[in-house]
Amino acid sequence: MDPTPRCPPAAVNSRRRCGLVVSIHDVMPAYADEIRLLLAHLDALGVRPRVLKVVPNAGGCGPIAAISSLARLLRDEQCAGSEVVLHGYTHQASGPLRGAWPVRCRARLFVGDAGEFLALDDACLAARLEAGQRELAALGIAPAGFCAPGWLAPRSILTALRRLDFRYYVGMNALYDLRAGRRRWLPWAGYMGGGAWHERLVYLGGAVQLAVSPAAPVVKVFLHPQHIHESENYARVLRLLARLVRERQPITYSGLLDLRA
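The sequence shown begins at 34 in my numbering and counts up by one.
Watch out, some of these pointers could steer you wrong.
[Unchecked claim] Quick list of the computed label-pair ranges, beta carbon to beta carbon:
#1 Ser246 to Gly173: 22 to 28 Å
#2 Cys112 to Pro247: 20 to 26 Å
#3 Ser102 to Ala170: 15 to 21 Å
#4 Gly93 to Ala170: 14 to 20 Å
#5 Asp109 to His262: 31 to 37 Å
#6 Leu292 to Asp154: 34 to 40 Å
#7 Ala113 to Ala229: 19 to 25 Å
#8 Glu163 to Ala248: 39 to 45 Å
Read the hints as simulated data drawn from the structure, not as lab findings. Just so it is clear, CB atoms sit at the ideal spot from N, CA and C, and this is done for glycine as well.
Put together the whole structure using the sequences plus the hints.
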C-alpha cells in the first residue's frame, strides 16, 4: 500500500490547501553534525521552508547560544524562511513523571528520560518556558510555537503558553492555535531515532494515518537526528518524503495559521 496522501486536483493547482510541514527535532549541540546532514537531505529534496525544534539548554549543560556555529546555522535558517520552535528546555525529565498512567506508560516506553514536561509542576513548567524564550532571544529568535519533548506535557501547559504569548502548541496529532482557541488535526509520518521495532511501529502508524486521510489539506513529517547514518527506517521515511514533496507545498506552522487568518 502506498501511504502517500493524494491531493485533490484543485489543491495541487493552488499549492495553498495542500501543505507539508517538515520538522527536525532535537536540535542541540550533541547532534550538530546530524542536523546539518538532515538539512542537506531536505535541501536535496527541495524541502524549504522547514521547522527546526530547538532545545535551548540540552541536558542542562549550557545554552545553545554559546555554540557559535549552531547559533549561526539557526539564524541562517530563519533568514531563509525556516521556523524555529522551542522544544523543551533541557529535554530531560528531572524527577518522577506526573499525570495519568497511560501517559506515563507511553513516556517510559517510547521516550525514555525525555519526558521533561511531565516531571514539572505548573510553576516549574512556566519557568522553563520563560528560560527557553530567553535562551533563544539571545540568538535573535522569538519562537512563536512550542513542542514538548515526546509531545508529552500536562494540559495546563496551554495556559502557560498563552500567558507567555506563544501563538501555537504542537501535539503529536494536532496543532493548537492558542489565540483562536482552535485545534487542527494533522496526519503524520516520521522517524523517531529509536530501535528497529520502535521505528517500525512509528512507520506503520504514520502509514495508517496517511492512508485513511488521502486528501488531507496538510500533513506533517517529523525527523530526529539519532542514528540517521545507519538507519534503514530513516531512509524509508526519506523516500516517503520525496513522494510527498512532489505534490505538497512545504510550509511552516506559522504559515499554516496565516492561511487561516
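Going down the list of hints, with the structure as the test:
no.: 1; hint: Ser246 to Gly173: 22 to 28 Å; result: violated, 37 Å
no.: 2; hint: Cys112 to Pro247: 20 to 26 Å; result: violated, 36 Å
no.: 3; hint: Ser102 to Ala170: 15 to 21 Å; result: holds, 19 Å
no.: 4; hint: Gly93 to Ala170: 14 to 20 Å; result: holds, 19 Å
no.: 5; hint: Asp109 to His262: 31 to 37 Å; result: violated, 23 Å
no.: 6; hint: Leu292 to Asp154: 34 to 40 Å; result: holds, 37 Å
no.: 7; hint: Ala113 to Ala229: 19 to 25 Å; result: violated, 34 Å
no.: 8; hint: Glu163 to Ala248: 39 to 45 Å; result: holds, 40 Å
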